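Asker: Chain U is already provided as a structure; the job is to place chain Z on it using the hints.
Chain by chain, the residues run as shown.
There are 2 protein chains.
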Amino acid sequence: MTTAHHAPGGSRPGGRTARTREAVLTAVFKELGRGGFAALTMEKVAQRSGIHVATLYRRWRCIEGLVCELLTDLSSDVPLPDTGTLPGDLRALARSISAFYGDARMRRLIEAVVSAAARDPQAATVLRSFFGERMVLAGRMVQRAVVRGELSADTDPEQVVSALGAPFYYRILIARRPVDQDLAESTAIAVWAAARAGAYASKGNSSNNSGNSKTN
Amino acid sequence: MTTAHHAPGGSRPGGRTARTREAVLTAVFKELGRGGFAALTMEKVAQRSGIHVATLYRRWRCIEGLVCELLTDLSSDVPLPDTGTLPGDLRALARSISAFYGDARMRRLIEAVVSAAARDPQAATVLRSFFGERMVLAGRMVQRAVVRGELSADTDPEQVVSALGAPFYYRILIARRPVDQDLAESTAIAVWAAARAGAYASKGNSSNNSGNSKTN
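One line per chain: the protein sequences are U and Z, in this order. Going by full-length UniProt numbering, the residue at position 21 of the first sequence is 21; the numbering climbs one at a time, nothing skipped. Going by full-length UniProt numbering, the residue at position 39 of the second sequence is 39; the numbering climbs one at a time, nothing skipped.
Calculated directly from the structure, the hints in this document are not laboratory data. Please note: incorrect hints may appear among the correct ones.
Intra- or inter-copy, both count: the list cannot distinguish identical chains.
Stated by the list, open to error - Taking lysine to any residue and the SDA-like style, the derived pairs with C-alpha atoms no more than 20 Å apart in a straight line are:
1. Lys-44 <-> Val-78
2. Lys-203 <-> Gly-102
3. Lys-203 <-> Arg-95
4. Lys-203 <-> Arg-177
5. Lys-203 <-> Glu-22
6. Lys-203 <-> Pro-178
It should be emphasised that the depicted structure is a prediction, and the values quoted were computed from it without experimental measurement.
If we strip away everything but chain U, and leave its shape as in the complex, we get (with noise of 0.2 Å):
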């Protein structure tokens, strides 16, 4: 399941699987910002891309599928950045996030796959391990600022990235506001100040578990 969505712009560029996923995605896209995705169904998508939609149907089973191969590969924009500095890495990616959901259609689709994941739970393994990879990919700028002495050693990369993404996605599902870039700067200053503070630090170990404080 983790390997199986395709390079973002396709593997073999110009090769005719290619071309039908790209005009399949496209198509995805625009009904999605359309009629959102209440109003998405495989037909609509068959007849705006031009693919038969039996095609539609033997390669991404679903439409939950497409709309999270479709998030998958929108994703891939969000450039992973590399300033020197964790505060400066840390703005830079809360301003693409706030760039990338700025957009309206962005919303609509991160909404769309959220659902399809309470509906579906092959859309929620692709969802998890979707994002899940990207904490990883994004984690690397924290371990960065270990090796640089920005942070202490025990810090947990996954937590700061998860907890620099965590706002956005509030904003957009929960609070159901437009995310902006007062976001973006107050998420990164709050992410760096917590992380000095200790507040990431990993208990994976789990060495030191009080073994009696647990609830589920």
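Answerer: Chain Z in isolation, oriented as in the chain U frame:
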């Protein structure tokens, strides 16, 4: 819309309307626990609650409305703390949120609400106004902290309490892993450190707006 919901526990306790409401919300909760949002229908809620489906449609219009009302009802179980210090309040609230969403049914419920909002503008309005109200109420802990001198006067309460909630919704909806006590502890520490560092300073007055950095 903002005042359309009944008080938790039902107005006129013991009245017929309150009993109907309780039976229906209990049925929605049980059905969500069994089959998730995908399998939830007005007909199933009617069957399980013993309330006529026509009554359900008349009062709640659609399944989305019912699910949103259930969220409002259950969330009143998350108390707003007043421990005497902001770090204490943040920790207590984070623990309450963590305990609330430690129950898988609650995670399914918030998923259902977000899915509903993606498809139904009215559900989106309910969700936005519900969380807006919660944020205002929870923001009082920040106002008390400002009065006590723990934070500077320009701290924006809504930004602080949004930052406290965000990591839980990110964990549930995006990372798709269970919430736990570690997340509560690290979030409370992070928000306190960030607030002290001025990350949540109010920009609402726009008196020192540079005027050219706004993108959307």
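Asker: Hint by hint, say whether it matches the structure.
Answerer: Evaluated hints:
no.	hint	verdict
1	Lys-44 <-> Val-78	neither (28 Å within a copy, 43 Å between copies)
2	Lys-203 <-> Gly-102	between (34 Å within a copy, 19 Å between copies)
3	Lys-203 <-> Arg-95	between (29 Å within a copy, 17 Å between copies)
4	Lys-203 <-> Arg-177	between (33 Å within a copy, 16 Å between copies)
5	Lys-203 <-> Glu-22	neither (42 Å within a copy, 41 Å between copies)
6	Lys-203 <-> Pro-178	between (34 Å within a copy, 16 Å between copies)
Checked against the numbered hints above, the structure violates hints 1, 5; every other hint is satisfied.
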